[in-house]
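J.: First to last, the sequence lines map onto chains A and B.
Numbered per this note's numbering, the first sequence spans residues 1 to 475.
Numbered per this note's numbering, the second sequence spans residues 1 to 475.
It is possible that part of the hints are untrue.
No distinction is drawn between identical chains; accordingly, a pair holds when it is met within one copy or between any pair of copies.
DSSO-like mimics (lysine-lysine), calculated; alpha carbons at most 30 Å apart, straight line [stated by the list, open to error]: (1) K148 x K115; (2) K205 x K281; (3) K148 x K423; (4) K115 x K417; (5) K148 x K417; (6) K205 x K224; (7) K323 x K381; (8) K124 x K281; (9) K323 x K423; (10) K381 x K326; (11) K148 x K45.
Simulated from the structure, these hints should not be mistaken for lab results.
The primary structure of each chain is shown beneath.
Protein chains: 2
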Amino acid sequence: MFDKNVYIGRRRHMIEMMQAEGATGIAIFIGNVESPAQYRDNCYKFRQDSSWLYLFGIDEPRYAATIDIESGEQTIYADDADLDDIIWNGPTPSVASIAASVGIEKSAPYAEIDKVVARARELKREIHFLPATRQYNAMKIADLTGLKPAEVVSASKAGCPNASEALLRAVISMRLVKEDVEIEEIDKACILGQEMHTVARRGVKVGTIEQQIVGDMEGVALSKGWGVSFATILTQHGEVFHCHSHEMPIVPGKLLVIDAGVESNSHYASDFTRTYPTGGKYTQQQREIYQIVCDANEHAFKLTAPGVAYRDVHLSTVRGMLKGLKELDLVRGDVDEMVHEGIGGLFMPHGLGHNMGLDVHDMEDYGENLVGYDADQERSKQLGLGSLRMARRLEPGNIVTDEPGIYFIPALIRQWKADGTDKGMVNYDALESYMDFGGIRLEDDVLVTPDGARRLGGKRLPISPDDVEAAMTSE
Amino acid sequence: MFDKNVYIGRRRHMIEMMQAEGATGIAIFIGNVESPAQYRDNCYKFRQDSSWLYLFGIDEPRYAATIDIESGEQTIYADDADLDDIIWNGPTPSVASIAASVGIEKSAPYAEIDKVVARARELKREIHFLPATRQYNAMKIADLTGLKPAEVVSASKAGCPNASEALLRAVISMRLVKEDVEIEEIDKACILGQEMHTVARRGVKVGTIEQQIVGDMEGVALSKGWGVSFATILTQHGEVFHCHSHEMPIVPGKLLVIDAGVESNSHYASDFTRTYPTGGKYTQQQREIYQIVCDANEHAFKLTAPGVAYRDVHLSTVRGMLKGLKELDLVRGDVDEMVHEGIGGLFMPHGLGHNMGLDVHDMEDYGENLVGYDADQERSKQLGLGSLRMARRLEPGNIVTDEPGIYFIPALIRQWKADGTDKGMVNYDALESYMDFGGIRLEDDVLVTPDGARRLGGKRLPISPDDVEAAMTSE
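Only chain A is shown next, with the shape it has when bound in the complex:
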């Protein structure tokens, strides 16, 4: 938890922005409750709601708050421990003292928020809320607002049309620009993420079961942080993006994609990807593609600077990769035309990067367009560019991932060939020898600085093919 003035300042700023937009009424915030895994009292590790953490800092379940947008009055709702709780859970500070520790003087029992919001609705005051991520929060917000749970829950990337746009705009604009205290935490999360990836790299040996490496990595994340910032991707089928089964042994001659990050104890994320040759040496074919991706990662980093739209960084990076693929005769024709026709999407169906902060895909549930696109930017429908989560013109304090990749996805290649999507620009015959290639992705986390960009974390994880091979050989 930061100093209470951090939270006081954020809430004041939020209120001012909403007032400036002419918003009235009250804003409600529902912190997360415990989430059962096996049965009700056997829960997953508690994870607080990210905007709750941002505005209120209190990392305890079953808290709620109201903020009066007009008067600025703020109230925390939660229940104090009773004697039974003290016997089983030990002595705990009072809700009033916890509220005071984040600069809020008024607190009340949890059930009280129902009455406060009911009164506000009687007075026809506006009720502002953020999209709910979890079922419980949706049910609670629905109860308070009179809407249905389905109407207040986020549809993920699409966000939630009933949520308060004034509140969303204020919170998004603040969370997009990281404060110094946040950058410090994210640097720490990145250093721990690099430590985790180093443990992983040392574990890459033919015959080892993938799950062993995953467990060793996640142990590092848990020993010094909250855990992993998302389900670890560790796969010899890098062309499958969401592969969470790890029962395979490491076999020689493959590429192992490891995409993983840490969430720090303060709940800031890191997110790195490296792609290793399972036998310690890239084949000639692997090295050619690897070098294109490695150059793309560097190219994107060099373009990252205030005022530049990350959409343009994406497009320029894709252009560079297509140029490299053309030199290998995997695509043919004019590179600019290829970019325009979206040919890059066949090889990189995802975007160059996303915002990162308290969520690894920062604020994804608030609607990707609201978070990642400027008002004048329209989202593409092309495969690849259409998946770009962060397109905005960059500002100092933005934190984005730089994660180009090249994949050979048999189902997609077959589909494009059948549909003629490539307009004659893909050399399908040459692709035949890549059908078992897998994929390569290389990812760093990047802070936009006043004069450019800085890669976050400590010493950079080896990334050039020579450095990777050298690191693997020496270990």
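Given the coordinates of chain A, assemble chain B onto it according to the supplied hints.
T.: The following block gives chain B in isolation, referenced to the frame of chain A:
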């Protein structure tokens, strides 16, 4: 996943038991869906519902099933992957083939269950369901049955009065008696749990941050299993039962309670507790209490056998511990009277043990009395005995934990002293020097065999004070 005949046999047995009770209609089963952690598409590691795993084995989200209790007809409901899914998630087997792999020939899209249950309700057929643990399942069952979510969700230990008792009785009676294939899995989970505890013991060094040990332990659980079977308890305040903060460094002279278990990849649990002297040697005071708990663990194990009520094992074990505490002049008077008056609850407010299987507290959400008490056993209201989760007369195939403990809980001692709850049998003056003691718990997992009991897992974790000290010194 076991051979399909295991699941076919279980479902047949369940139907027969329900038919024998005169049940009619259909039973509905709602498998778990993904559970969001930070935002909707960033989920906790998927955990399937335990009874779903038991009856259907399919370890994938968003599955449902119906079983016609009269005709025996069984249907699986889930959605096949579309081309988009295949591009992002790789090729997956069809729902029909997954259903067939657990012996069910009929499958339909997920939405179809709504129509099937609606038809059954039109025909006034009975709809059987198990208590819902998670909010999504509660909402789905509520939609299907016309009840409210709050009416179908489990109130944890109290269970859910609207759930089908015929279905509950059948499932509980089956899951209480473990099959050989299950015992094999639980033995594996125990071996991995012991490996995890060994890593933990080696990490106990003055100055180490508790979280480091927790991370190292959980890494073992993840590297060969699904993860931990519950939130790891690792605390120098063993008298606080639910202590999940681990930021303290290990300090000399304390007792470190480590209560942790593994959930195997097949989702069977283990659960062990050991209590270590943080500096490697127990003090005289610690050793005296430790020996009482260690003897209690052994005493309980020796009494564990078919036909014996675990309630009686609890009481006899508490009696032994009170006898030991009397020798230290911490309690005074007649030991049998102390047992009768529940004086043991001051030192051990929890029960001796619980059932263990696919859940570490097996089936806790089905109602502790229904699961852990025979029809003729009434639950005590005394502190300690009242918390006993497993009281039943034991049968071969039962798996229970044997986990006596002694704690010195200042808030509870003060309360008893103020209220005179001890009826003059507690020597509060002598307890003064134990106010900073903490607590000790020693736990093994035990299978009831035809002629007694067997401790599960491999080589037993060191437990006698001499063995523990020797292990810590040699490491």
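J.: For every hint, state whether the structure bears it out.
T.: Do the hints match the structure? See the list:
Proximity of K148 and K115 under a CA criterion of 30 Å is satisfied in both settings, with 19 Å inside one chain copy and 22 Å between copies. Taking the shortest Cα distances, K205 and K281 sit within 30 Å of each other inside one copy (12 Å), while across copies they are farther apart (40 Å). Taking CA atoms no more than 30 Å apart as the test, K148 paired with K423 passes in neither setting, with 47 Å inside one copy and 55 Å between copies. Proximity of K115 to K417 under the C-alpha cut-off of 30 Å is found in neither arrangement, the shortest distances being 61 Å within a copy and 40 Å between copies.
In this assembly of identical chains, the alpha carbons of K148 and K417 never lie at most 30 Å apart, being 45 Å within a copy and 51 Å across copies at closest. With identical chains, the CA atoms of K205 and K224 are at most 30 Å apart both within one copy (25 Å) and between copies (17 Å). For a Cα distance limit of 30 Å, the shortest separation of K323 from K381 inside one copy, 23 Å, qualifies, whereas the shortest one across copies, 76 Å, does not. Taking identical chains as interchangeable, the C-alpha atoms of K124 and K281 are never at most 30 Å apart, the minima being 68 Å within one chain and 67 Å between chains.
In the homo-oligomer, the alpha carbons of K323 and K423 lie at most 30 Å apart inside one protomer (17 Å), although the nearest pairing across protomers, at 87 Å, exceeds that limit. Taking the shortest alpha-carbon separations for K381 and K326, only the intra-copy value of 24 Å comes in at or below 30 Å, while the best inter-copy value is 78 Å. When the C-alpha separation of K148 and K45 is checked against a cutoff of 30 Å, the pair qualifies both within a copy, at 28 Å, and between copies, at 28 Å.
Hint violations for this structure: numbers 3, 4, 5, 8, all remaining hints satisfied.
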